[in-house]
Amino acid sequence: MASPAHTLRQTAVAPAAPAWSAKTPQPTWLVALFDWKPFLVFVCLLPAVGLLLAFLAYPLGLGIWLAFTDTTVGRDGQFVGLDNFEYLFGDKLFWQAVFYSVFYTGVATVGKFGLGLYLALLLNNHLPFKSILRAVILLPWIVPTVLSAIAFWWIYDPQFSIISYVFVEVLGWRTTNIDFLGSAWPARWSLIAANIWRGIPFVAISLLAGLQTISASLYEAALIDGASGWQRFRYITFPLLLPILAIVMTFSIIFTFTDFQLVYAITRGGPVNSTHLLATLAFQRGIPGGMLGEGAAIAISMVPFLVFATLFSYFALARRKWQQGEAND
Amino acid sequence: MAFIITRRESLRLTAAGIAAAALPGSASAQVPRADVAAPNLPIEKGATLRILRPARFVEPDEVIFRANTAKFQQTTGVETRVDFVGWEDIRQQTAVASNTGSGPDVVIGWADDPHVYVDKVAELSDLAEYLGKRYGGWTFLGEKYGKRDKTNNWIGIPFGGTTGPIVYRKSAVKEAGFDKIPNEHPEFLKLCQALKKANKPPGFALGNAVGDGNGFAQWLIWSHGGALLDEAGKVAINSKETVAALTYLKDLYPTFISGTLSWGDPSNNRAYAAGDVWLTANGVSLYFALKNDPAQRAIAEDTDHQALPFGVASSAPQTATMLNAMLFKHSKFPNAAKSYIQFMMESEQYDPWLTGCLGYWSHTLRAYGKSAVWDSDPKLEVYRNGTDNKFWSGYKGPITQASQTVAAEYVLVQMCASVASGEATPQEAAREAERRSRRYFRG
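Keeping their order, the protein sequence lines are chains A and B. Plus 12 on top of the position in the first sequence (first one is 1) and you've got this note's numbering. Plus 392 on top of the position in the second sequence (first one is 1) and you've got this note's numbering.
Chain B with its partners taken away, still in its complex shape (with noise of 0.2 Å):
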């Protein structure tokens, strides 16, 4: 499913920039827009809404949130409350809200979510094609995640998305020999030898994180043409790309720092700031956390972003957390929902948001991606297009339960882990992995 912008549309995109340039003074001053008619939607009488979504990055995240919140409430009249809940309840929560048919009139939780809910959940085209046009369309990962599978049906509005490419000290790499980080993976390994070498090594979570392991799993298996599912959505997961991936990571995971088995989500971020580590993968926390340290600053300074290592792929083999909104049918008040959804999309709301967030978010319409939170700093420049990624948890077939079953059980994760540890052979390894999708993926 190729995402393509037309011609025309690159005109509009144009235009509206011209026509949004023009608007004095406002936040959104630079992000074009395009004069389209907004979808109807009289807000229901006495409408109250519940909103649940995941706690905050960074403060802004829920400060700027909530004052949007309280804006929308105050233009609409429409009482609107805002739970933030942990990033690990917040599916079980929706699993209950889903189930019972009562609760939260909309659910801003993970990608996969809205999928998943398909039955019980309200379908959004009206609202999604008014925000793409008005808003020079929807990002890969945006589109991908919004629509239905093979329809042309939405059925979320993806908020944002965070994602993981190369943090590398500019330093180190060019100690090694390399201007920046080599597409191709015989230049990654030797690039990763040489770092080992100048006891400067690299470190990639192989352990039980969700985040970062699968992150890495993920983008071992694609770079080199492998993935979990074939376009039907069989397990594909047994197959020489899966073997030839895991053969390079027997001879990549010598080079990276000890102990990263049992590395978590926070591990890297601890040992890159410790000087430990000095290539990893991440989201653009770690870099912020440095930048806001004095202490460290001159690892922040030293610190540069780029895309993982593409491989045979042919763009960064590497997806982005979704942050996916849905509304459920249970909604009492669906059309106040939708406004609600949408004046959180506008500019007025969505840039301050987008840019108070630092980076953390990455927008999922493009036109946000002539914010000035992106032009802040030039080391932003790789998280810009952060949900544009072609790749996706479940690639290459469609998005279901099972595939966010597979990333939770670490199944990807372990079958590398037990590669690299020595426990099994590439062949095992990928039969393994292939045993236990299969159970998620039966019926």
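The shape of chain A in the complex, shown without the other chains (with noise of 0.2 Å):
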């Protein structure tokens, strides 16, 4: 509601200004900051941010200092410079973990890509109950990795192994059960087979999903020319693929090397540490241990290798020169 004086006033100037005019308001200094764009910038991080330092920065920044401390569960620890890892250096448990795990991340990672791709390319043809049979293929990725787990647990058992069952029981085989879990490398294998099974479903989905990116036509002009099934693949499937494959063969790594539920529900690391990843040697250390710093320099140590896998998979793989031919820069 207007007062009497300003009204007077708008009178008295009115026939100066032009009509209509609307007045613009002076703004306040908070107004004046928030129309500021730097500020609106950072005011509209700020939540992102603090939760990133809260929940990502933090703990890791906090892994990477324990790895440096004797901390131990229940006593905070004292700086003690390189020495967790000046001892996982000559221990020889730490060493034959790097080796599974590259061992693992590697014969792995080659299975899942090898049944995957296959599988991919099985699954882009036109078959009967195709939309069906592509969602039974994801069942192993579904189920939650520790169900999984403790089914293959049941599955490699000395006594009650299906598998043993089988071999022994129904076709007579053998005589004894299969020893699946009970020396190192059995063992091992066992463990990787099982991690190709969950991996699957991921590796053929993703793929799948690249396969039906590429372009029916190129097939077709393919065709024209006289290629061959395996010329298709070779210079049309394969190059196009490329580029979707690094990334999920990094994620695929990734996940591989730090695997942690399918071989602590399994093995727990038995026999005789012969199957501890750097994931479940970390843990064993450091949480039932009780050894923190020790574990967190475990999983500290993890990082170069997953940088290394990183970047080899993503430089490498998503080069143009090799998808594109060595003249095509």
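Simulated from the structure, these hints should not be mistaken for laboratory data. Here the structure is a predicted model, which is why all the values come from computation and not from measurement. For each residue, glycine too, the CB sits at the ideal point set by N, CA and C. Heads up, none of these hints are tricks.
Examples of chain B residues lying across from chain A (beta carbon under 8 Å, computed):
hint	residue
1	Tyr-509
2	Ser-650
3	Gln-806
Partner residues aside, some chain B positions facing chain A, computed with beta carbon under 8 Å:
hint	residue
4	Ala-666
5	Ser-810
6	Ser-813
Assembling the complex is the task here: the two chains are given apart, and the hints tell you how they should meet.
Structure follows, in structure tokens:
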């Protein structure tokens, strides 16, 4: 409601000013501040940055700090410099875990990509019940890892294995049960098999998505040129699939290298530590063993491997030369 | 640290027994107790308590425990909340409570914990001495885990323990030509070889099984006179006794059913119940699982228990997994908390709980040896004195966090497993165990 004085002034001013000019309100300092773009950007980013700092940067930083202390569960530690790493450097078990982590990741990745690509190519054809088949393929990926790990634990059980049962009782090919997890190499291969089984769907479905983006006209052109099935795969499918292959492989390597649940649920790193991955060894030392500092040091030592694997698969596989031929820079 | 019952104590025990027997009808009628003045613990005004303990063994463990707590709340008006936590999580939660100085007032945690957090827990000597006098004294492990090392100061009130003696099929042992489990190593080996020959093999966990794996490895070493630590707490695992034990294992292991190198804690239970394994070591749980299953009745009838073979030790070379109650200094209501512990240990509450647990927990106060539960089934006899074993984790040294780490890291289990699998010679395995243990016992 306008005061009489205000109305008076308006009337007084009105003849000088052009009619209908809206009076721009004088912005307060707060409005001015929010109108200032850098500040607005900062404020809008704040929640996201806060979350990242609190839940990603802080734990990571704490983990790195712990790796340089002798903290145990229940006792604050002292800074000990590189002591944890020095001990690990001379620790046979640590190197065994490094070896198995690399081996596990390498073999399982090859297995997953070989079988996954094969499966993706099959599913890319026109098959009856295509949608249902694709859904079924995803099952191992959908089931929580711990559940499938427990299933594999039973499958590999020294006394109650279904595989042993079939070979001994049904087929009569063996007289004793198969000892899947009782010695180092069989246990290692058994875990890799379980990991491949679990990882195939992710690879297959991702690659299938990639396959479906490849234009059918390329294949038609190749057919007209008389290309064989292998040539079509080698010169069309594979190069066009490489970008997505690089991404999927990066993810897959990270997941496999940092795998924990399968190994922990099936063998707990046994027999005699032969199946410890760096992740399970870090947990075993850090939490049940109570040596938080040493566990953190093991976890931190995974970082260089992961960075290397990521850079390798990302840069090497995503290079244009690989995709489009040497001459096509 | 030997535990001696003086004659006077045993006299008092008998007198108390007569007095208690005169009480009509009460559930704890047969548990003798002496009339001792309880410590004066005026409960703080407006006190509330939070208690943390591990998840139940059997249903009554939790049901009766909760009922007893409710009774405490009714009589004293102290609001008391009990949280049951998974066995593998409680140690971490205890650590957090101790570090942050907040959370539960009382943690009924694992045996070593009060010793690990010795600066953070309150002294409970008045309570422990009262309970000891009233109930005929503490058992060996009760006292060992209750008192701070080399002192008479109590820092924990052990509630009970669970132990894993030999569980065997009577018919199989008889078939092998033995009446009972022999105490001498060569004879025990002969028994196992005969069992294997009869296709009724024994089996002990050599995989990463916290309870069963460590139980077997400790038996093997202790029964040969070896020990992880010497009395001063220095690592002494690399000894000729250990090498002898591991050499013995090289003969013993081939008699086991195949696959024990990957056995976890439940594996031997399953294999025994399936009739694949005829002799193993386990808590009473295995027997009850069989007894309560009509289909397994025959196996239960044929089952009996016996202490682990002594070997060169003078008593059964086994320990017990102990429940140990500790009161944190950060508790705002220490008297209420102490009253709670006292209340739970008194026979009106403790005996029904002990009985309800069917022998899963062995008592720590001697008078409860008279509890009806131990006479309910003659096969429970070996569990009656489960916490009177003369060995503890970290034997012969003090109880520390490091001895706990050695068990959690399976150092001794893996020492045995590497010899059994032929990966290492006994000498190499003992050296490796020494190297790993030293790391945990440094400074």
